[in-house]
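2 protein chains.
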Amino acid sequence: MTTIALDAMGGDHAPRAEVEGAILAARSLDVRILLVGAEGALRQELDRHKHRDLPIQIVNATEVVTMNDSPSHAFRRKKDSSLHVAARLVHDGSAEAMVSAGNTGAVMTVARFVIGTLSSVDRPALAWTFPNMKEKVSVILDVGANVDSKPEHLEQFAVMGEIYYRAIWGIRRPRVALLSIGEEETKGNELTREAANRLKHTSLNFTGNIEGRDMFRGNVEVIVCDGFIGNIALKLSEGLAEHLGGMLKKSIKSSLTSQLGYALSKRAFDDFRKRTDYSEYGGAPLLGVRGITIIGHGRSNANAIKNAIRVAAELCHSRVNEKIEQELSSAAAIAARG
Amino acid sequence: MTTIALDAMGGDHAPRAEVEGAILAARSLDVRILLVGAEGALRQELDRHKHRDLPIQIVNATEVVTMNDSPSHAFRRKKDSSLHVAARLVHDGSAEAMVSAGNTGAVMTVARFVIGTLSSVDRPALAWTFPNMKEKVSVILDVGANVDSKPEHLEQFAVMGEIYYRAIWGIRRPRVALLSIGEEETKGNELTREAANRLKHTSLNFTGNIEGRDMFRGNVEVIVCDGFIGNIALKLSEGLAEHLGGMLKKSIKSSLTSQLGYALSKRAFDDFRKRTDYSEYGGAPLLGVRGITIIGHGRSNANAIKNAIRVAAELCHSRVNEKIEQELSSAAAIAARG
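Which chain is which? The protein sequence lines are P and H, in order.
Anchor point for the first sequence: position 44 equals 44 in the working numbering, and the numbering is continuous, going up by one each time.
Anchor point for the second sequence: position 246 equals 246 in the working numbering, and the numbering is continuous, going up by one each time.
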């Protein structure tokens, strides 16, 4: 049984969504959950459900990190926050993984400095999972704002992304590509050209560059980029999806016939919403931290929390961190031998 | 009357769409058009329309740049291509502007090296126009793959973007922002932090950083970024719009009721398509070239070509290049005085 520390005060709908998610997870998965946060509030939420036989335990924390706290403030000044306490449980070995739908920057900083980084990893990377045109999923990393990355960082992202993809989706040799501005090797900026050159000499199934247009095509499983680009790509995608949805709604509202049509095709729109629903994908792992860390979307509902817990447990099970250390240290050994 | 050299062999639907676009433009705008390309084919296309009284003239060119030609091949080896000849007409002063829906990289290279760059501009920048949530348009530049830009390049992009926006949409002080990974000044990478510092000290209406999510909100008119980011942002947006459209179609096709609903709301979908139709926006200007250059989408239809010609004429009229030279040289003078 895997023990997961859940920051129960993190998301927009905390602690209700977190507690419900924990209950769903404890009922359906082989996990034990440490629910971290304000004891009274958590007890009250728990008591809304049948939970006596479930392996859920409350761990008290007196502070809460908000969306307005800077990462450094959250790390330095809120040491009894639910986030900090959850990270310490992982650091101490009381839990194998941590899940939080809180302030992304704060979770990254606290995870990195409280739990620590794997010895062969320079910078932990945040991996975003999204549905592609082949009705499968692709993963892009880093979306967590590791700016001004060096080629060796992109290589580490590629290795971590590949191991993550294999662990969760069971593809033995996922295809790995660099996000760039043209498919040809000569295209790109200084960073991607050097990174491509490094990636060609790894044992990864590296297929070269892909363009922004091809990100959703599903011709590759793992897409690697600097965190500045990745963060813009992620947020731009969210913003554009919302924008297009809004425009379509306006067009539909413009006539009665259209509204009737919409009512009839409502099932299609629900189906569409489900296809694009992030909550199925279980949050974004922060890869490279010495203990599995999953960051959920701020708007996480109970289902999203449950899926984040599921992904955390799967990553523990498949010993992702051991594999990352092995791969990266053997790659470093090869590089040192030159 | 403004004279425009039109590369009539450039786009996916050339020369038919180009010739039709030229005719639409010549009928409705105060322009004279030099239709550049294979004389026989162009004559034949022209003869499908009433064109005797229209100010359209064919200029023969024996070669065609294809989508597979590298920019340097197009520039060095195809000197009698319709693209090259059109650029030379601008360079010689026989035309004030050039329009092409051909190979973007080739158009940029040929325009830059045949027509030349404005004396105060280091790198011409490609500006993409898109509809925002406020039902207005925003412009982002550079999307033309000026990689590894320096802060001073981003400053030049900002000045050119502002002048362009004012010329076409008549806003006196368009708001200018930097695309970055957080709104705070401390967020971003080395490039954007330095560029923000420079932009604060210009006379531009600079409002700071915006995130990828806010690109479509319409809170700013001009968005500035390195060409690697901009190119990925543009292509990712195209790819995602296609992807979401495809998923919605699949969902609609999944039941008969949905299909009936779709049929009833078809007008809404047409309206939506019109709202997002790039062909209304008339192509992307390559700002900073010594002669107006407009690059159309490869898939340009006649309407898109006509609108590209319209934008070219408007930019000539409002003396955009003179204004860019003035602004940038006075900015340089201020910087030199320190």
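These aren't lab readings, by the way, just hints derived from the structure by calculation.
Don't take each hint at face value.
Any copy, or any two copies together, can satisfy a pair, since identical chains are not distinguished.
[Said to hold, decoys possible] Simulated crosslink set (EDC-like; lysine to aspartate or glutamate; CA at most 16 Å straight-line):
| no. | residue 1 | residue 2 |
| --- | --- | --- |
| 1 | 150 | 190 |
| 2 | 134 | 185 |
| 3 | 249 | 270 |
| 4 | 249 | 214 |
| 5 | 136 | 69 |
| 6 | 250 | 47 |
| 7 | 187 | 148 |
| 8 | 235 | 314 |
| 9 | 50 | 135 |
| 10 | 250 | 122 |
| 11 | 78 | 242 |
| 12 | 250 | 314 |
| 13 | 274 | 184 |
| 14 | 266 | 122 |
| 15 | 50 | 20 |
| 16 | 50 | 238 |
| 17 | 253 | 271 |
| 18 | 187 | 270 |
Legend entry - Violated hints, by number in ascending order, as checked against the structure: 2, 4, 5, 6, 8, 9, 10, 11, 12, 13, 14, 16, 18
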